[in-house]
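These protein sequences, in sequence, are chains A and B. If you count the first sequence from 1, position 8 lands on 8 in my numbering, and the numbers rise without skipping. If you count the second sequence from 1, position 51 lands on 51 in my numbering, and the numbers rise without skipping.
In case anyone wonders, no lab produced these hints; they're calculated from the structure. Computed from a prediction, not measured in an experiment: that's the story for all the values here. Beta carbons: idealized from backbone N, C-alpha and C, even for Gly. A portion of the hints provided could be inaccurate.
[Claimed, not checked] Label-pair restraints from in silico Cβ distances:
{"no.": "1", "chain 1": "A", "residue 1": "67", "chain 2": "B", "residue 2": "3", "range": "29 to 39 Å"}
{"no.": "2", "chain 1": "B", "residue 1": "22", "chain 2": "A", "residue 2": "40", "range": "17 to 27 Å"}
{"no.": "3", "chain 1": "B", "residue 1": "8", "chain 2": "A", "residue 2": "68", "range": "33 to 43 Å"}
{"no.": "4", "chain 1": "B", "residue 1": "97", "chain 2": "A", "residue 2": "60", "range": "21 to 31 Å"}
{"no.": "5", "chain 1": "A", "residue 1": "60", "chain 2": "B", "residue 2": "57", "range": "35 to 45 Å"}
{"no.": "6", "chain 1": "B", "residue 1": "77", "chain 2": "A", "residue 2": "14", "range": "39 to 49 Å"}
{"no.": "7", "chain 1": "B", "residue 1": "17", "chain 2": "A", "residue 2": "14", "range": "46 to 56 Å"}
{"no.": "8", "chain 1": "B", "residue 1": "84", "chain 2": "A", "residue 2": "81", "range": "30 to 40 Å"}
One-letter residues, chain by chain:
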Amino acid sequence: KQEVTQIPAALSVPEGENLVLNCSFTDSAIYNLQWFRQDPGKGLTSLLLIQSSQREQTSGRLNASLDKSSGRSTLYIAASQPGDSATYLCAGRGSNDYKLSFGAGTTVTVRA
Amino acid sequence: NAGVTQTPKFRILKIGQSMTLQCTQDMNHNYMYWYRQDPGMGLKLIYYSVGAGITDKGEVPNGYNVSRSTTEDFPLRLELAAPSQTSVYFCASRIGTNYEQYFGPGTRLTVT
Chain A
1 KQEVTQIPAA LSVPEGENLV LNCSFTDSAI YNLQWFRQDP GKGLTSLLLI QSSQREQTSG
61 RLNASLDKSS GRSTLYIAAS QPGDSATYLC AGRGSNDYKL SFGAGTTVTV RA
Chain B
1 NAGVTQTPKF RILKIGQSMT LQCTQDMNHN YMYWYRQDPG MGLKLIYYSV GAGITDKGEV
61 PNGYNVSRST TEDFPLRLEL AAPSQTSVYF CASRIGTNYE QYFGPGTRLT VT
């Protein structure tokens, strides 16, 4: 069973600093990993999806990496802005699994 | 496209009452999912469907039922509501060839 952990639970940074968000998973036979953003009281918005054959994916200021051997994924957000304040969740899917296993999320506050 | 829509947005139930949470998607996605999110926790899968007429249990199905009579709709039924079912419920969908899941805005349910 895939277990997903996100540490820390909360993070506060000044505007302009680069953000590094960590995601750990227990099953290295991961099929893909997805990063989501959740604003307070809202649903989840997909940010990036990394397939097991990929090492990273990029979209604008966002870059996500996947290291299956160490069981880690990292989401980098360059030059953070107050609008980046949200909770970021990662979710992994095993190769023989029908579902996504979610981490509890990291709540980010970017101070102006 | 409206994407994934959910109704109602909020609901308060008394213990023992029943209700149906509605979920509709207009993207012709064959996979649909119901999750619950408790405070400070990741999402847990309740039920999922791989197409019309086919449903299966997720991690936490007890106290819930689903049906999938059309591709578009995937209602979640709560029978005999209990305080432990107080949560935020999210519906999601994806197409079979792409593992990226798209989420609705959620239904916040309180059982008192």
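The hints, checked one at a time:
1. A:67 with B:3: 29 to 39 Å: holds, 32 Å
2. B:22 with A:40: 17 to 27 Å: Hint holds: Cβ distance 23 Å, inside 17 to 27 Å.
3. B:8 with A:68: 33 to 43 Å: Hint holds: Cβ distance 41 Å, inside 33 to 43 Å.
4. B:97 with A:60: 21 to 31 Å: holds, 25 Å
5. A:60 with B:57: 35 to 45 Å: holds, 38 Å
6. B:77 with A:14: 39 to 49 Å: holds, 48 Å
7. B:17 with A:14: 46 to 56 Å: Given range 46 to 56 Å: holds, Cβ gap about 48 Å.
8. B:84 with A:81: 30 to 40 Å: holds, 39 Å
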